[in-house]
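**Student:** Each chain, letter by letter, is given below.
There are 2 protein chains.
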Amino acid sequence: MNDLQRIMEVILQTKEVAIFSHYHPDGDTLGSQIALALGLEQKGINTKMINKDPFPSTFKFLADWQRIKPLEQFFELPDTLIFLDCATLERSGYADSSLYRGKLTINIDHHISNDNFANLNWVDSTAAATSELIYDLLGLLQVKIDSEIATALYTGISTDTGSFLYENTTPTTHRVAADLINRGADVNALRKNYYESVSTGKLQLLKFALNNLCFTCNNQVVWIIIDEKTFQEAEATDADAEGLINYLKNIAGIEVAMVFRIYPDQRTKVSFRSKNWFDVNKIASLFGGGGHPRAAGCLLNSNLGESVSKVIKVVEESFLTKT
Amino acid sequence: MNDLQRIMEVILQTKEVAIFSHYHPDGDTLGSQIALALGLEQKGINTKMINKDPFPSTFKFLADWQRIKPLEQFFELPDTLIFLDCATLERSGYADSSLYRGKLTINIDHHISNDNFANLNWVDSTAAATSELIYDLLGLLQVKIDSEIATALYTGISTDTGSFLYENTTPTTHRVAADLINRGADVNALRKNYYESVSTGKLQLLKFALNNLCFTCNNQVVWIIIDEKTFQEAEATDADAEGLINYLKNIAGIEVAMVFRIYPDQRTKVSFRSKNWFDVNKIASLFGGGGHPRAAGCLLNSNLGESVSKVIKVVEESFLTKT
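Chains as they are written, first to last, in my numbering: chain H, 2 to 324; chain D, 2 to 324.
Keep in mind the hints are simulated off the structure, nothing from the lab. Given the structure is predicted, the values throughout are model-derived calculations rather than measurements. A couple of the hints might just be wrong.
The list makes no distinction among identical chains, and a pair is therefore deemed to hold if it is satisfied within one copy or across any two copies.
What the hints assert, rightly or not - With a Cα cut of at most 30 Å, we get these calculated DSS-like pairs of lysine-lysine:
#, residue 1, residue 2
1, K314, K250
2, K193, K250
3, K104, K44
4, K193, K323
5, K44, K16
6, K70, K311
7, K145, K193
8, K270, K44
9, K283, K250
10, K250, K16
11, K208, K276
12, K193, K283
13, K70, K283
Turn these sequences into a full structure, and let the hints guide you.
**Tutor:** Here's what the structure looks like:
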C-alpha cells in the first residue's frame, strides 16, 4: 500500500501527532521515530514519542531520547498517530484497538510482512530501513535535515543493514548514507556506542557458546543450548542473546546454525539461520514456527532433551537428503 | 604527491605493466590490483599481477585471482611497474631496488605514511581505500566498470572501512559504493566468503581469548597473552590473529586493549588499540614501536614475564595519571 500523498496532506494539516516505535526497540525504529519527531517540529507540529520498553543504553547518543516514554505516561493521545517500523499493530506493544477509537492511524514501514493495519499505510519493502522512508518523507516535507536528524536516520539505516552488509542494502541506501554524512551524521558516536560496545552479558554468552559448540553433518550444522542457569550466570538480557546466532552462522563451512534457549518453564525457543541453501523456514514450520528460508524460529513446549534431539534429528535428515 | 596526470599519460602509452600488491595481502590491495589489471586490459594493455604471498582463500571469489603470482614466477618485468596500497617499496615484499633498474615505477596509495618511493606518485590519504583511487583512475581512463571490476573495487572499499564503519568512510566512499552495486558488484559473495567465513583458527583464538581475558584499571584495560603453544593448538595463521584485538577493544567500557603474542624465540609482539582518548602510540614508542594514537604496536626482545609486566606497568601508570 502507498498512501504517501494522503499521509503528507494529513501531517501538514495537523497540530500534533504521536509517533510509536516497536517494543524491543532497535536502531531503525528509534532512529526513524526521533528523526520524524524532530523534523515535524521544524514544521511547527507538536510530537509525542511513545515506546513500551526502556530506552536501550547503546542508543543514548541520539537526540531527545529522554522524550520517548510508555503510553501510560502521557495524559492523552492526539488525533493523529504514526506507527513506525511496526509490521502489525501488536508490534507497537499497544494492540488494544480501543485505544485508537476516533483517531487517524498512519503506518510507515519496510517489512514485507506488514498487514496494513492503519487507516493510511505506506509500506515499501524495497527500502533497507524505515529510516530510509523517513528520509524521503522529510525531503518531501522540505524539512532541513540537520546533524541530529541525520544521526538518527543514519543509525536506523546502518543498524538495519548490519552496517551496509545485508542483502537489503541498495545503491539508494549508500546514496542516502552519503547525504546523511554530508549533513553531519555522527558516525563515530554510533560506532563507539553501538558497534564497539559489546555488553558483559553478550561477552559471557559468546564465551559460553564457543566453549559449548555442538556440530553435526560433517561440521556443516552447529548449535548451542542455553539454559536459564547459563543465562542468569552471564547476567544476560534478551538483547544480549540476539546477535549470538550470527557468530555461529559465520563460522567457515557452516550452513545451518541453531540456538536453543530453554526458559525456566522448560519451553524452548529455537532460532535457526542458514547461509546459502538450507530452508530453515521449512524446519521451523514443522514445529509450529516460521520465518524466512535463511532465518526462522519456533517455540517448543516439550522438555529439553526431547526438544533438542527432535529438532536436530529433523535437520539432519533434511540436510542429508539434500547433500 | 599527485602525479595523476602524468601517470595517465604513461599508462596510455604503454603496452604492458606489472602491478604489485603488498605482502600479507588484504582486500584493498588485492581488489585494487585485480580491478586495475582488468581495466587496463580493456584498453589493450597487457598486465602481470604480482604478490609475494599465497592468495588468501577468503578472496577467491574475485575474478582472475589465479593470475596473481610471486615475482619469481615471471620470466621478466615490463618497463612500467605500478605499486598499489604500498606505503613503502619494502611493503611490496620486493625491496631490492636493483630489481627496478631502468624501469618506470608508479606508486598509487592512500596511506598518509607513504614515502613517495616511486618515479611517479599519487598518494591521497583522504581516500578510504586505494580501491577508491583506482575507481577514479578507471573513470578517467574511460574504462567500463563491469561486474568483475565492480566486485573487486567494492571488496577493497568495504574491507578497508570495516564495512563502512571506520573513520575513513566519507560521503564519497558511499557514493562510489552505490555506483559499484549499480554496476553489479557481488556484495553477497563478499559477505559470504569474507565476513561470514570465520576460520577455525580464528574461532579457536577467540575462544582462548575470551577464556583468558586479563583486566586492570577498573576494567578499562584488557589484554591477553598468546604463546606459541596456544597458537599451534588453535592451528592459527597470522591472518587469523589479526582481527582478534578488535573483539577486546569492542567490549563495553574498555579504553585500551592489548594482545601479547610470544614467538618461539621468546620475542614478544605487542598490539595496542584504544577507543577514545588513550595514546597507545606514545606507549608503543617507549618500547621502540609506533603507529597511531588509537592503533600501535611494538616488538620486545626480553622474555615473556618481563615484557608483559613492563608494558602493563607503563600503561597503568599512564592511564591512572590521565583519569
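**Student:** With reference to the structure, classify each hint as holding or not holding.
**Tutor:** Quick rundown of the hints versus the structure:
For the homomeric pair K314 and K250, the shortest alpha-carbon distance inside one copy (19 Å) is at most 30 Å, but the shortest distance between copies (39 Å) is not. Taking the closest pair of Cα atoms, K193 and K250 come within 30 Å of each other both inside a single copy (25 Å) and across two copies (10 Å). Taking the shortest Cα distances, K104 and K44 sit within 30 Å of each other inside one copy (21 Å), while across copies they are farther apart (64 Å). For the identical chains of this complex, K193 and K323 are inter-copy neighbours only, at 20 Å across copies versus 43 Å inside a copy, given an alpha-carbon limit of 30 Å.
Taking identical chains as interchangeable, the C-alpha atoms of K44 and K16 lie at most 30 Å apart only when both belong to the same chain, with a minimum of 10 Å there against 62 Å between chains. Taking the closest pair of Cα atoms, K70 and K311 never come within 30 Å of each other, the shortest separation being 42 Å inside a single copy and 50 Å across copies. Taking the closest pair of Cα atoms, K145 and K193 come within 30 Å of each other only inside a single copy of the chain (26 Å); across copies the shortest separation is 38 Å, beyond that limit. Proximity of K270 and K44 under a CA criterion of 30 Å is satisfied in neither setting, with 45 Å inside one chain copy and 58 Å between copies.
Taking identical chains as interchangeable, the C-alpha atoms of K283 and K250 lie at most 30 Å apart only when both belong to the same chain, with a minimum of 18 Å there against 39 Å between chains. In this assembly of identical chains, the alpha carbons of K250 and K16 never lie at most 30 Å apart, being 48 Å within a copy and 47 Å across copies at closest. Taking the closest pair of Cα atoms, K208 and K276 come within 30 Å of each other both inside a single copy (22 Å) and across two copies (22 Å). When the C-alpha separation of K193 and K283 is checked against a cutoff of 30 Å, the pair qualifies only between copies, where the shortest distance is 22 Å, while the shortest distance within a copy is 38 Å.
With identical chains, the CA atoms of K70 and K283 are never at most 30 Å apart, being 38 Å at best within one copy and 45 Å at best between copies.
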